[in-house]
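*Asks:* The residues making up each chain are set out below.
2 protein chains.
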Amino acid sequence: MVENESDQLRAVMAALAPHTGNARVIGLTGSPGVGKSTCTSALVAAYRREGLRVGVLAVDPSSPFSGGALLGDRVRMNDHALDPGVYVRSMATRGHLGGLAWAVPQAVRVLDAAGCGVILIETVGVGQSEVDIAAQADTTVVLLAPGMGDGVQAAKAGILEVGDLFVVNKADRDGAGTTVRELQHMLGLGPPRAPGEWRPSVVRTVAARGEGVDELVAALAKHHGWLLEHDALAARRRRRAAGEIETIALTALRGRMAALRGDQRLGALAARVHAGELDPYAAADLLLEGLR
Amino acid sequence: MVENESDQLRAVMAALAPHTGNARVIGLTGSPGVGKSTCTSALVAAYRREGLRVGVLAVDPSSPFSGGALLGDRVRMNDHALDPGVYVRSMATRGHLGGLAWAVPQAVRVLDAAGCGVILIETVGVGQSEVDIAAQADTTVVLLAPGMGDGVQAAKAGILEVGDLFVVNKADRDGAGTTVRELQHMLGLGPPRAPGEWRPSVVRTVAARGEGVDELVAALAKHHGWLLEHDALAARRRRRAAGEIETIALTALRGRMAALRGDQRLGALAARVHAGELDPYAAADLLLEGLR
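The listed protein sequences derive, respectively, from chains D and U. Residues 3 to 294, numbered by our numbering, are exactly what the first sequence covers, in order. Residues 3 to 294, numbered by our numbering, are exactly what the second sequence covers, in order.
Note that these hints are calculated values from the structure, not bench results. Since the model is a prediction, treat every value here as computed from it, not as a measurement. Backbone N, C-alpha and C define an ideal beta-carbon position, used for all residues, glycine too.
Distance windows between CB atoms, simulated:
#	chain 1	residue 1	chain 2	residue 2	range
1	U	Glu199	D	His21	53 to 61 Å
2	U	His232	D	Asn6	40 to 48 Å
3	D	Gly117	U	Glu291	28 to 36 Å
Take the sequences, apply the hints, and build the full model.
*Replies:* Structure follows, in structure tokens:
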């Protein structure tokens, strides 16, 4: 229903509201090939062992495919295909509404209400929209792999600022040590952190063999604890809710605007402006009155 | 005042409204190097000979320079620098409001009310925003030059659809005939035109020597006559006014939205959504009520 922008979504969201706010939301982002899906899959297994229900949203802003379980994900998420405690969904660029900025937080809300203790949002790439989506999470994990020049790329994309945790995956490869050091160096170059401020940590993993996954889970728990301790979790979630409200409001306004274009109101105002009877500001006021 | 998004603009536009609607608005677009400024300058001279006041807006959507008379234009428009009947202004990408889509039609409105009989809007490049700006004119002129592969580029940019007139400038160069033929061929490839529909014509000029400029002026007059005869001028201008009203209305809405973000309303709603007391749709409704 979220993906199809159903008319009933409104009623559904109203019914779900009291059941939300329990899921930990973790965002994972990084360039293609760093092993995001493998890492996500390893995290799913780890949280399943803790007895949590897990939701996974695999988001590809650049993909023209519409939502649904794509073959690729089904293959990559094979390990959990038969586990009723795991829900995996691919989301790609959506139609005319606010796109993923509109759909992803609402999908998170649905999974949250459905009792997922952890929701993993995996985004492909390190562009602005990927960063924006990943930054909606409680904890944002940035993945890199040795020898991909990712560090510099990540710095350029502004992803160093949004990462709460950094994972150097495929850490058995040559150059892993260099990547970790480069990353730590770049993280140290930022403005000095205030006392009590979160200090992003760097975790090495070989997710395909499950190495370092316990350390990653521990680092995620540590960040979650820090968020709770510093009253930052509620602040992040309120910010996420604010973004969600604004996107829905702007979408509604655009819709009403389009409806006005459809009927003859805008045309009639344009004719009066054309005739010099009205200036465009006064006409815009009258148009906006029509939105009420 | 338009460029600085002055608060007084509203009052000024209200006062100007009854004095608008008299200027012929001509858009000129084409790749850098085809001779747009030379051609514009030649047209200015021609319309000055007819005794008309002429306004020129040189628009560069890709330029980071703010408005004002840039040196380049002063040089290129040298011929008219001392003529009080000619007003030349460079406009570049503007700040936080709707950008050139917001500023250009309002600048046109000011020049119109100031008694310009003709307003020339010259845009650099053939990208979508250039096309959009040029398409706001009563008559849109697309310039090409021989041997620049412009024909294909123009076709790609969708500029063939918006051009009412095509000018092959620098027509004394090798390949001018080929360019004209290619262009006529491409124009002929479009969907069949309804009877009475305007058929874009192709004019050859060597604007730097004034050659073909009379033919261009005649072609412009012919198109203007066609517009009047087919009641298409009013339709175009009403469409332009509608776009202007919509841009102002959307800008106002965004401003009000930003103001709401500034005060605590959105924050308070976000806290209630975070607490599960309210769903984001209901919160968006309450936010929009605050816009009234």
